[in-house]
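Student: This is what each chain is made of:
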Amino acid sequence: MKFITVSFTILLQFVLLVSSSLQAQSGEEIFKLKCSPCHTIGKGKLVGPDLSGVTKRREEAWLMKFIKSSQTVVNSGDENAKKIFEEFNKVVMPDPGLSDPEIKKVLTYIESQGGSVVSETIVSKIRPLSEATPDNYEKGKKLFSGELRLVNDGAPCVSCHNIPEVTALGGGNLALDLTHSFSKLSEGGLTNIIQTQPFPVMNMAFVNNPITDEEVFDIAAYLKGVDAANQNVQQTNQPINFLYSGIGGLFLLLFVFGGLWHNRRKRSVNFEIYKRQEDYIRKNS
Amino acid sequence: MDVRAQISMVFHLDKCIGCHTCSIACKNIWTDRKGAEYMWWNNVETKPGTGYPTKWENQSIYNGGWVKNGNDIGLRGAGKLKGLLNIFHNPNLPVIDDYYEPFTYKYLDLIESPDMDDQPTARPISLITGKPINIKMGPNWDDDMSGTPDYARNDPNMEGLSAAEQEAMFQLEKLAFFYLPRICNHCLNPACVASCPSGAIYKRGEDGVVLINQKVCRAWRMCVTACPYKKSYYNWSTGKSEKCILCYPRIEAGYAPACMHSCVGRIRYLGVLLYDADLINDTASSENEDLINRQLDIILDPFDPKVISAAKANGVADSTITAAQNSPVYKFVKEWGLALPLHPEFRTLPMLFYVPPLLPVMAKLTTVDNTDQSKKMDDRAKYWPDNWLYDTSTEELFSTIEQARMPLKYMANLFSAGDESKIVNVMKKLMAIRMHRRRATVGDISDEKADNMLEQSGYNALTADDIYYLTSLAKFDDRFVIPASHREQAIEMLEFTGDVKGSVGFGFIEKPARGI
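Those protein sequences? They're chains A and B, same order as listed.
Per my numbering, numbering through the first sequence is continuous, rising by one, with the last residue being 285.
Per my numbering, numbering through the second sequence is continuous, rising by one, with the last residue being 516.
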């Protein structure tokens, strides 16, 4: 009980801390924190579309709905939303967890920036991945698997993400499988995400241990290489397979142990005698 | 030749009356403690019977003792790999129900109960849980063959007897039993010592007593499984295993162990044997049929000058050699060939020997016509329509041995690893001594016949009188020839006492700190 109370208190403080830190921010700050990893204003496509002039292209009510929870809108059958989703490789836009006034602030900020839509995709902010050498690839692989420590002691990617070839048992199942991340996110989006960690959990993980630019380049080079090598591989549904193999393994073990130890002594030598005595007492009392 | 001394024992089963005085003496001194209530370092079993713990002789249940692997031997249920496999759950370990749940009675209720309609009774309560229980078993529940279908008929020694032979053992008026008192055998090749992962069990150099160091014991309980005689017990209160210590504090002071001192039938003998420790491995690894002979061969003649000089060179004290020369055990085991070890097939080379019982009285059943005799009886007398005679006549010298009521095969399973000729040999000798004495006291045996029997047993009249004396008339000092302990010399062989001179006193009593 004490444990539950304590952990609940800590959780509550955490929630309050996060929400209070957001409240005081301006539209620009929110945009930088929450949107800029995937979107630009007048600088071209990143993971998601260029947002310059978006307030003129879409109705404000639709934007409010979409920003709050894009998947809800996509799944409701909205044609426009679906089109955007398809266009950008079905990359799910995470719910930013913003309140209505905050979204309005952001929209005001976007509107104030003006500019015009650039249709080209932005390439890596660091340097183009085409410059990557096999050395970068190898180093990236080691950084991904944790074999090589990140300079600022951040957690290795494999703790949360999976790429089947990295470890025998597979990586973490907390976040997505990254085998095909490059083709989904494109070069700019990928490096940008690794660099700025727009996703809440990923952000928390690296907020005090930022990944250096050189490391971002290596990891991105590795992810690109992995994607190219696994073009024809279907992504497996690992968690479900793991569950099935677990259940199967359990029965296999039970079977093996049952065979191995079927001769084991299971009860006292005197069991029969005691049982008869107990039955007699029960019958006669 | 590596000559060492072993304090060993002979139990003369013909003399045991099954009174359990030995068990009580032992219990009062050593195991009347919390966690030890269920232990009986000394117990007396009725044979045929299943014993304590139930069916202890059946090693397919308890996995004790040694098995032969090629030219060597290995522990049946313990050792590095087997121990590791059973480290979390050892199904061969006896559970408390295999022994019995120890109990007492709430005697205070008898005098402290308030006034009520019924008389108060003392309810049985468990000594483990402290709660009232239904008593289901005791340490000698099958005493005098009580509950025969459950106990005597399940005796593991019935192996090799035909169904008819087994049935014959339980026929009314043919039924017979004898007692088998058991303590730790203080074996030459102890399985408990070999099995202990902590190295807590050791065989004392100077007298061969097997002991468990309570400070080193880590409660693995491998010894409980490994001992084929089930004479190592786990104390659930202290978290240590315990076993018979052969009352070594008494022996060191020159007293006989409590069980032997208190023995009403004076069945117990204790003395020193000299043996050749170099031969232990070979002897324990020998073929099944050679086991018993080779175990007896390992015991050396204490009068042989070579043995004496080798013993002295090995640090065996002169007083110990003298004790070995006067040892009643040496006489019974080697000189007279009357005593055999219990279950030599467990290959632990037990150093407790038994003189097998000639009792129940040898007799044969002959068919006779009793009708004439019956006619003489009064009409009102109870009429027994029997047509047989319980014949104790001794016309034929040894014929009754073959028809012993306790089948020879059964005895052989107990004392000679199944070799009936060994048992017959001992029985003939016992019979010859009996007839020799019958000639002197009853006088219905001719000198010629008695001498003939003695001669066939390899005795002469003088030896027969010696055996008779040690069997029936022996005084305390004849039965227990206890050498001076020389404990200080034994310690000096292991460490230099000068190191601690002036710095220690009697030491401190340390109770085992671990417990439940």
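Since the hints were derived computationally from the structure, they do not count as laboratory data.
Just to be clear, a hint being listed does not mean it is correct.
[What the hints assert, rightly or not] Covered stretches of chain A, as calculated for chain B (at least 3 residues, CB under 8 Å): (1) 55 to 63; (2) 274 to 282.
[To be verified] With a straight-line cut-off of 35 Å between C-alpha atoms, the simulated DSBU-like cross-links for lysine-lysine are: (3) Lys142/A <-> Lys104/A; (4) Lys266/A <-> Lys283/A; (5) Lys283/A <-> Lys136/B; (6) Lys275/A <-> Lys215/B; (7) Lys306/B <-> Lys266/A; (8) Lys142/A <-> Lys43/A; (9) Lys215/B <-> Lys475/B; (10) Lys475/B <-> Lys283/A; (11) Lys312/B <-> Lys266/A; (12) Lys266/A <-> Lys82/B; (13) Lys275/A <-> Lys203/B; (14) Lys449/B <-> Lys15/B; (15) Lys131/B <-> Lys266/A; (16) Lys131/B <-> Lys283/A; (17) Lys275/A <-> Lys136/B; (18) Lys275/A <-> Lys131/B; (19) Lys142/A <-> Lys105/A; (20) Lys266/A <-> Lys449/B; (21) Lys82/B <-> Lys34/B; (22) Lys266/A <-> Lys68/B; (23) Lys184/A <-> Lys43/A; (24) Lys266/A <-> Lys106/B; (25) Lys266/A <-> Lys501/B; (26) Lys131/B <-> Lys34/B; (27) Lys174/B <-> Lys80/B; (28) Lys306/B <-> Lys475/B; (29) Lys68/B <-> Lys174/B; (30) Lys275/A <-> Lys82/B; (31) Lys275/A <-> Lys106/B; (32) Lys275/A <-> Lys475/B; (33) Lys266/A <-> Lys15/B; (34) Lys266/A <-> Lys80/B.
Ideal placement from N, C-alpha and C gives every residue a C-beta, glycine not left out.
Student: None of the hints should be skipped; say for each whether it holds.
Tutor: Hints, one by one, checked against the model:
Only when three residues or more bring their CB closer than 8 Å to a CB of chain B does the claim for the region 55 to 63 of chain A stand; here the count is 0, and the claim is violated. Only when three residues or more bring their CB closer than 8 Å to a CB of chain B does the claim for the region 274 to 282 of chain A stand; here the count is 4, and the claim holds. Of the supplied pair hints, the one linking Lys142/A and Lys104/A is violated, its CA atoms being roughly 43 Å apart against a limit of 35 Å. Only pairs whose Cα atoms come within 35 Å are accepted, and Lys266/A paired with Lys283/A is accepted, the gap being roughly 26 Å.
For the given pair, Lys283/A sits about 16 Å from Lys136/B by alpha-carbon distance, which is consistent with the 35 Å threshold. Proximity of Lys275/A to Lys215/B is assessed by CA-CA distance (about 39 Å); at most 35 Å being required, the pair is judged violated. Taken as a hint, the Lys306/B and Lys266/A pair is broken in the structure, with Cα atoms around 54 Å apart against an allowance of 35 Å. As the CA atoms of Lys142/A and Lys43/A are separated by approximately 33 Å, the hinted pair is consistent with the 35 Å bound.
This hinted pair does not check out: Lys215/B and Lys475/B have alpha carbons roughly 39 Å apart, beyond 35 Å. Between Lys475/B and Lys283/A, the direct Cα distance comes to roughly 56 Å. Violation of the 35 Å bound is thereby established for this hinted pair. Annotation: proposed proximity of Lys312/B to Lys266/A is violated, straight-line Cα distance about 53 Å (limit 35 Å). With a C-alpha separation of about 18 Å, the suggested pair Lys266/A and Lys82/B falls inside the 35 Å cut-off, and the hint holds.
With a CA separation close to 41 Å, the supplied pair Lys275/A and Lys203/B exceeds the 35 Å bound. Under the criterion of a C-alpha separation no larger than 35 Å, the hint pairing Lys449/B with Lys15/B is consistent with the structure, at around 26 Å. The hinted pair formed by Lys131/B and Lys266/A meets the criterion: a straight-line CA distance of about 26 Å does not exceed 35 Å. Taken as a hint, the Lys131/B and Lys283/A pair is honoured in the structure, with Cα atoms around 22 Å apart against an allowance of 35 Å.
Among the hinted pairs, Lys275/A with Lys136/B is consistent with the structure: their alpha-carbon atoms are about 10 Å apart, no more than 35 Å. About 20 Å separates the Cα atoms of Lys275/A and Lys131/B, which keeps this hinted pair within 35 Å; it holds. A distance of roughly 42 Å separates the Cα atoms of Lys142/A and Lys105/A; the hinted pair therefore is violated under the 35 Å criterion. Restraint check for Lys266/A and Lys449/B: not satisfied, since their Cα atoms lie roughly 58 Å apart, outside the 35 Å limit.
A hinted pair counts as satisfied when its Cα atoms are at most 35 Å apart, and Lys82/B with Lys34/B qualifies at roughly 31 Å. Taking the CA atoms of Lys266/A and Lys68/B, the gap is near 27 Å; set against the 35 Å cutoff, the hint holds. A C-alpha spacing of about 20 Å is found between Lys184/A and Lys43/A, which places the hinted pair at or below 35 Å, so the restraint holds. Restraint check for Lys266/A and Lys106/B: the C-alpha separation of about 33 Å stays at or below 35 Å, so the hint holds.
Taking the CA atoms of Lys266/A and Lys501/B, the gap is near 55 Å; set against the 35 Å cutoff, the hint is violated. A threshold of 35 Å between alpha carbons decides the hint, and for Lys131/B with Lys34/B the separation of about 15 Å falls inside it, so the pair holds. Proximity of Lys174/B to Lys80/B is assessed by CA-CA distance (about 49 Å); at most 35 Å being required, the pair is judged violated. Simply put, Lys306/B and Lys475/B have alpha-carbon atoms about 31 Å apart, close enough for the 35 Å limit, and the pair holds.
Proximity of Lys68/B to Lys174/B is assessed by CA-CA distance (about 38 Å); at most 35 Å being required, the pair is judged violated. About 32 Å separates the Cα atoms of Lys275/A and Lys82/B, which keeps this hinted pair within 35 Å; it holds. At roughly 25 Å between alpha-carbon atoms, Lys275/A and Lys106/B fall within 35 Å of each other, so this suggested pair holds. Between the alpha carbons of Lys275/A and Lys475/B the distance comes to roughly 49 Å, so the proposed pair goes past 35 Å and is violated.
Between Lys266/A and Lys15/B the CA atoms are separated by roughly 40 Å; this puts the pair beyond 35 Å, and the hint is violated. The straight-line distance between the Cα atoms of Lys266/A and Lys80/B is roughly 23 Å, inside the 35 Å bound, and the hint therefore holds.
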